[in-house]
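Required output: the full structure, derived from the provided sequences and hints.
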Amino acid sequence: KLRSKYQEVKRTIDDQIKKREALPKKVNLFDRIKEEGIVRLCDEKKLFFDWLKMNAIWSKRKIVELVKPYYKDLRDVNRFVNSILNSRTYVRKQGRQLHVSFPPQRSKRAREALIALCNYANSTDNIHLDLRFDKITFSVGTKH
5 KLRSKYQEVK
15 RTIDDQIKKR
25 EALPKKVNLF
35 DRIKEEGIVR
45 LCDEKKLFFD
55 WLKMNAIWSK
65 RKIVELVKPY
75 YKDLRDVNRF
85 VNSILNSRTY
95 VRKQGRQLHV
105 SFPPQRSKRA
115 REALIALCNY
125 ANSTDNIHLD
135 LRFDKITFSV
145 GTKH
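Heads up, the sequence shown is in my numbering, so the first residue is 5 and it goes up one at a time.
The set of hints was computed from the structure by calculation and includes no laboratory data.
Don't take each hint at face value.
Unchecked claim - Taking lysine-lysine pairs in the BS3-like style, the calculated list, with each CA pair at most 25 Å apart, reads: (1) K38 - K14; (2) K64 - K49; (3) K64 - K139; (4) K57 - K72.
Dropping the structure here:
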């Protein structure tokens, strides 16, 4: 039984290797665009998306600088920032105010770093998203 399972896995691997070897070593991106009928963005749209990417990079860099004092290792800082950016947030509207609440953090260090980040975001008055809100408030949820 184990031998037949081994043979089946070996066959699958061999098939995958044959498929990979059949693929071209290099692919010309321009040819691929023509084959797929992909329409390239006009310069204005490309510039806009480049601007969005740069703002995301600057924002992430600012977040890293704000929470760096709470961690000893830069890898831990990056891990924390990525977890915050990928975490679920709770957003509720109250009148002309938008409340954004992050879930409670497991460690004391992460909680302190996130509270500092929220305090910084709440102290700045230049978050204008043109969403018809007078104020956006950030907070960290409490453990139940």
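Evaluation of the provided hints:
no. : hint       : verdict
1   : K38 - K14  : 37 Å, violated
2   : K64 - K49  : 23 Å, holds
3   : K64 - K139 : 22 Å, holds
4   : K57 - K72  : 22 Å, holds
Of the numbered hints given earlier, the model fails hint 1 alone.
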